[in-house]
Each structure stands twice: as structure tokens, then as C-alpha cells.
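*Asks:* Residues per chain are reported as follows:
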Amino acid sequence: MAEALLEVRQLSRRFAAVDALKDVNFSVDAGEVHALIGPNGAGKTTFIHHVSGALQPDSGSVHFAGRDVTSLAMHSRVAAGMARSYQITNVFLGLSALDNVALAVQGRQDAGTSFRFWKPVRREAALFEEARDYLAQVGLEHRVDTVAGNLAHGEQRALELAMALATQPKMLLLDEPMAGTGPEESARMVELIEHLARHVTILLVEHDMAAVFRLADRISVLVNGQLICTGEPEAVRANPEVRRAYLGDHL
Amino acid sequence: MAFYRPAAYQKPVAIALVIGLLALPTALTGLGQEFYIGFATRVLIFALAASSLNLLLGFGGMFSLGHAAFFGVGAYTAAICQQAGINEALIAFPLAMAFAGIFALAVGAISLRTRGVYFIMITLAFTQMAYYLAVSARSWGGDDGLPLVGRMTLAGISLADDTYFYFAAFFGLTVAMLFFSRLADARFGRVIQAIRENETRMEALGYPVFRYRLICFALGGALAGLAGALLANLTGLASPNLLLWTQSGTLLVMVIIGGVGYLYGGAVGALILLCLEEVLVGFTPHWHIALGLILLGVVLFAPKGVAALFGKKHG
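Note that the protein sequences, when read in sequence, are chains A and B. With the numbering used here applied, the first sequence has no gaps in its numbers, which climb one by one up to 329 at the end. With the numbering used here applied, the second sequence has no gaps in its numbers, which climb one by one up to 361 at the end.
For the record, the hints were derived by calculation from the structure and aren't laboratory data. Possibly wrong hints are sitting among the right ones.
Claimed, not checked - Quick list of in silico lysine-lysine cross-link-like pairs, DSBU-like style, CA-CA up to 35 Å:
(1) A:248 - A:100
(2) B:57 - A:100
(3) B:350 - B:57
(4) A:100 - B:350
(5) A:197 - A:248
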């Protein structure tokens, strides 16, 4: 078995009297696409926030690329190679697609240590050259100069991905990349993720079960803040506990 | 809010402004209106102070009510320098910037951990602390403030002459505005504006948001310190009133009238507010009422500020 890139140990988090997450043990192996599914309110987004560093756990730890990152801020985790996309499209609507990605490239290059006050950004050709590459990887090469606010929803989702890629992650954390997309856009997004999965490890949170079963090497199921099962897609599909949690409708 | 991008005509406009401002003292002397050289100097100094606040507010998205503190620290540094026998502006002014910047760094390190109303209140609290410190410091003149015995020298040349001092203030403002315009369009400016728009997203792109904000805050503080040192030289007094929160309010009003997030917003606002004050004071001691109405008009009819009417920002 491949080495675990991400390892979450005994993670717990309470919100008031509710156990949002309880003793979650979870790992993502290098090179795999690992999908996290679960009914609404199961704690998937809370879990993602703990992995990305937006929230701190009450107990337990998060290890990434062989190092304990539990106490690291989000931006340090990004620098360590963990990039995320958002469930709700979260790009800079007033900037062009190219500028959005350039901002991501710049974030990786500077890593918070270099501050440039003098040279106009527009004259930094290398920055934009690289940004173009990432746009091409997600099929937006024809939309380079379009203001992000004028992109179609599916294109904005793809732009999110390009920005995440520009941080050159070891692992991509995709929070519902198909959310709100139509069937055609979804199909394109699945293809895109399949393509990306050849180069990068992916942790995928998704409601679209057809997409999950097509993309995932392994699937974990979160119900009421507890991980009830992890395994290959067929095993998860057959698991009676999972069937009960979903009342059979999706699987 | 849109991102700053220099307009095509920005350079010619800037050059025309520089020429016009360079010729202003000669023109005023020719018209026999030397009195207004002092007034013009005051406008330049407040343009610098308001622009430094605009860097925080308009570009960094930090609504600070504590900007007067840095302005005041600059003024007191200049006066204390003179008291200590340093009468050379080339030493005193950089010191004023350094102390104001360091003070801003300390204030920012604490206040920038909060957001919204809390941030406003903490920055306000720091100015008030600085104010009461100045009022209670006997050796710095307490209530009366610390007077300067005369203007400083710049590279050995006395600034006692109003025209020379005007050029010194002009030079300070020009260098600061040049730095500001370059910064706004460079990587750093991009980042602080993007943080203003969406700080979580920037954090998720690997940017240490707090550090960027803090540096922006300290830069704004240092520039305000320079303005303070100039003002102390103009009026001959480092007054505790400079540290009062109402002074922060005045600077905020300038930025809002001029245009939040517009490169020239602070300067335009300073010009308008000081001119209004100059004109209205002649009619009534209750000129603040008229000012209030005008401010209301700006907010209602030009909510992006006067600079926005000239479209100095695109993108």
C-alpha cells in the first residue's frame, strides 16, 4: 500500500452540545482519489475545515506529508502542499480569469516572505505565462481575459481548480466541485478531475454519487460526525450500514 | 470594490500636477497672495496624511479610527528631536516615520487580530491612550503641547521661509504618492486589495494575511508620521489635539469625500475639506453644520467620493 499523504487521527470537535466530529480516523494515500461522502449535516464541511486549517480540533491531530500540521495556520498548510477549492464559488469576481490565477501563482512564489512594492504586476511576464498554463489545464485558455464575474458557473468552478493547481499542491481538497453545475458541466468536471488525478492526490467531497463512484479509488462515509466505513467503492456500496444511512436512495 | 489600475492618462495628469504645484508659490507671490502659500502647504500635508489613511482604508480594507495617533507621534517626534538638539529634517523626519511606523506595528499587531467593530474600537482605544499620555507628559508640555522654537533645516537650508517649506512638503508628498502609486500596482498592492475583497480565499492561496495587513498598517502609520512631523514644523507646535480621535475622524472624512480606494482620494478630500473650512469660517463660526450638509451630499450623490467622478480608477 502507498504511504499515507494525509493522516487524521482521533479528530474530535464539539459545537456546544453537538459532536460535529467524533474520533475520526482518516487517511488519504499518495496518488489516490479518496472521496468523502455522507448525508447532509454529517460534518463533511466541518471535517474539511479541520483538514485545511480553517478550524482547530478539540482533540486529535492532522498529519500531512509526514509532519504534524495540527497547529499550522491555513496559509502554512497551503505552503506545505495542501490546496482547496470551495463549495461556493470563491474567486475574485472583479479580476480577469488570468489575474485570478496569477494571484495564486504569486502566492506560491512569494510564500509570504517576499514583498514587492515597486514593479507593476502587469510587467511580470513569467507570472502570467505560468497562469496561462494552469488555465489551459482546466480548459479555460479561451477565457483568459474574461472578468471572472462574467464566466459561466461551470467555468468559475474550473477557475477555482486552476487557482488551486497554481499552488502546486501535493493534495487537492475539492469541496463539492460539481455543486450547482448542470449535467453537461458536471460531465466535463468529472473528466477534468480524472485528468488531474493522474498528477495529484485528491480528497473529494461530493454529493453527486455517479461522479464519486466513477472517480474514487476509495470512499469514506461520514454519518453524524463519525466515520462509519472506508473502502473500495464496491465494498462501500454493499455495506449495510451505509445503505441504512442513505436509506438506499442514492446507492 | 474594484482593483486599482492606473489610467492611461495618469502619467500626464501627474506631470501636470507636479508642474502646477511647483509653479504655485511663484504664482501666489506674483498675485500678492503670499498668505496662501502657508495654506497650500497645509493642504499638501493633510493630503499626505489622508493618503496614508487611504492606503489602510481604501486599499487594505482596514477601517481604523486610530490614524491620528501616528500623525501625532510624528509631530511629537519632530518636536522632541528639536528639543534634543536635532534640528535637521533629514534626520528628524525619518525618525518621525520610524517611530510612527513602529508604533503602528505594535498597535497593528494587537488590533489586526480582530475584525469589524472590534478593530475600530481597539484602534480608537490606542489613540486615546496616546492622547492621554501626551497630555500627562509634563516634559512634553502636557496640555499645551510641545512647541518648536522655529522650523528645522533641510540639508542645511532653513525652512523658515514659507516658500522653502512649501517645497519641502511638496517633495514629501510627491515621493509618498509616487511610492503609493507604484505599490498599489505592484504585487504587494494586488495582495492587500485581494485581502480586502476576500481574506479567507487569500489565506487558502497560501498568503499570510495577517502579515500583509500588518505591513500595510505600519506603512500607512509611517507616512502619517511624516505628515505629522511636517505639520509640527508648519504650525510650530506638537499639540496633543493632533492625537485626538476627532483628528482621526477628520482624516476619515477627507478620505470619504475624496474617494476611498482611489489613488488621489485622500489628496482630493484634503483639498476640498480644507478649502471648505477656509471659506466657510469666513461666514460663520458654525461652519461644521455646512460641512455636515456637504458631507451628506457627497455620501448621497457621489458615494464613491469626488475622485470617482473623474474616474481615476479602472478595472
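*Asks:* Please verify whether residue 350 (chain B) and residue 57 (chain B) have alpha carbons no more than 35 Å apart.
*Replies:* 22 Å, holds
*Asks:* For the pair supplied as a hint, residue 57 (chain B) and residue 100 (chain A), is the alpha-carbon distance within the 35 Å limit?
*Replies:* Cα-Cα ~60 Å, so violated.
*Asks:* If you draw a straight line from the CA of residue 248 (chain A) to the CA of residue 100 (chain A), is it 35 Å or shorter?
*Replies:* Since the Cα atoms of residue 248 (chain A) and residue 100 (chain A) sit roughly 27 Å apart, the hinted pair holds (cutoff 35 Å).
*Asks:* Does the alpha-carbon distance linking residue 197 (chain A) and residue 248 (chain A) stay inside the 35 Å limit?
*Replies:* 31 Å, holds
*Asks:* Take the C-alpha atoms of residue 100 (chain A) and residue 350 (chain B), compute the straight-line distance between them, and say whether it is at most 35 Å.
*Replies:* The hint is violated at about 49 Å.
When each numbered hint is compared with the structure, violations occur for hints 2 and 4.
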